[in-house]
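Between the sequences and the hints, there should be enough to build the whole structure, so can you do that?
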Amino acid sequence: MSSSPPPSSAAASPSCPKKMIALRSSDGETFEIEEAAALQSKTLENMIDEDCAGTPIPLPNVTGKILAKVVEFCSKHAEPGVDDESLRAWDAEFVNVEQATVFDYILAANFLEIPTLLNLTCNVVADMIRGKTPDEIRKFFNIKSIFSPEEEEEVRRENHWAFE
Amino acid sequence: MAAFLPDELWRHVLAIGVKSPAKSLSYKELCCVSIACRRLRRLSGEDSLWSHLLSSDFPPPTSQSSASSSSPSSSCKALYRIRFERDKEKKRLAHRRAVMRKESQIAEHLRRIRDIEASLARESDKLKASASELSNLHKVRQASVALKVWQPEVVRGKQKQMVSQCAVPVESRISAVDMEFRLCKQQIAILRKSYEEERRRLDAAKRELESIEYHPLRRCERTGSNLGGSSSRRKEIKRPIDVEGYGKLAKTS
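Sequence order for the protein chains is L and A.
The numbering of the first sequence is this note's numbering, which starts it at 1 and goes up by one.
The numbering of the second sequence is this note's numbering, which starts it at 1 and goes up by one.
It should be emphasised that the hints constitute simulated quantities derived from the structure, not laboratory data.
For each residue, glycine too, the CB sits at the ideal point set by N, CA and C.
All the pointers check out, no bait thrown in.
Here are the simulated lysine-lysine pairs, PhoX-like style, with alpha carbons at most 20 Å apart:
hint, chain 1, residue 1, chain 2, residue 2
1, L, 132, A, 23
2, L, 132, A, 28
3, A, 19, L, 132
4, L, 139, A, 28
Derived DEER-like restraints, expressed as beta-carbon distance ranges:
hint, chain 1, residue 1, chain 2, residue 2, range
5, L, 127, A, 193, 53 to 61 Å
6, A, 86, L, 149, 30 to 38 Å
7, L, 78, A, 99, 57 to 65 Å
8, L, 149, A, 46, 23 to 31 Å
9, L, 163, A, 118, 49 to 57 Å
10, L, 84, A, 213, 38 to 46 Å
11, L, 39, A, 93, 51 to 59 Å
12, L, 78, A, 91, 45 to 53 Å
13, A, 108, L, 147, 53 to 61 Å
14, A, 88, L, 149, 28 to 36 Å
15, L, 35, A, 38, 43 to 51 Å
16, A, 99, L, 156, 26 to 34 Å
Have a look at this one:
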């Protein structure tokens, strides 16, 4: 599972027929992605159509660290001939990261409109919620806002039926 | 961190969880999320989520058309709660009925077992009586045979007394009583088989009751006070009287 993008070159070289798209992260890093992989992102698809070939597409909402992983994801999912099972296993490994990173993936997938990545990561968060008590949910997602005593009473009464 | 995900994405997470084939988020999880904070309370209470749960957990019967479930005044979550509690009550009553059915089966088995025991007791008494009579008759017969040969006068006297005291014709009486004895034995054997069978059924019913009533957090105390009413029925059932000892007397030497 190599994670490094192919060596950078602004224009496609004759020996490599695939068209490469250049992306720039919020912190100035540049990445290259094959067109086929880039098309996984509806956002990028629109931008490519607008004929910005050559200049790196700026993505102010995504850091370099995350963009690298997103490129990796899209490239993997654009690969031909990968069977469902191994792709699923690869996906599972891909999201086997800490919660903050998963959230970053969600934001990036949302911004770049990558349905596969969005669904994958949202499922992960849903699984994280499962089996947790409200207190654990607060701790895990670092939720600081608290109910007033009356609200607290109300919300518990509203929901206690699920725990009888 | 949750603050860093906008509403729309939290909605997406919850929707995916609720709709996923793996059913990551059920009614319970949504309620936990609701208790976590104001924002999540609002987001987790939305109709779109609960109407999905309503149709997947409490599908309307096929005769009814779908989407008739949301009433204008109550939210889908409120409706779900109503269905949920109704369903729970139904299940509780069904469980209660199952327990009662099983308990009455057990009472029936116990009643039959007692009846069989009573019959066994009667037959055993009859057997005892037959065996005893048979034993006496054999003695009389022996005596009358012995009288045909010489005996010391003392012995002869006793034998004459025995023969004269016997009011019935010995030979025919012996065969009658012998027949009675055999029939008794047969009957006892049949009763014992029924007894074993009934006991097996009782044990099976008891196991089934235990399994119906099993709950990991409750220890089932069956002290007998709720089985068929009276606690006396839970006394250890005595073994039927042993028949073998009387069988030996039937053999002539």
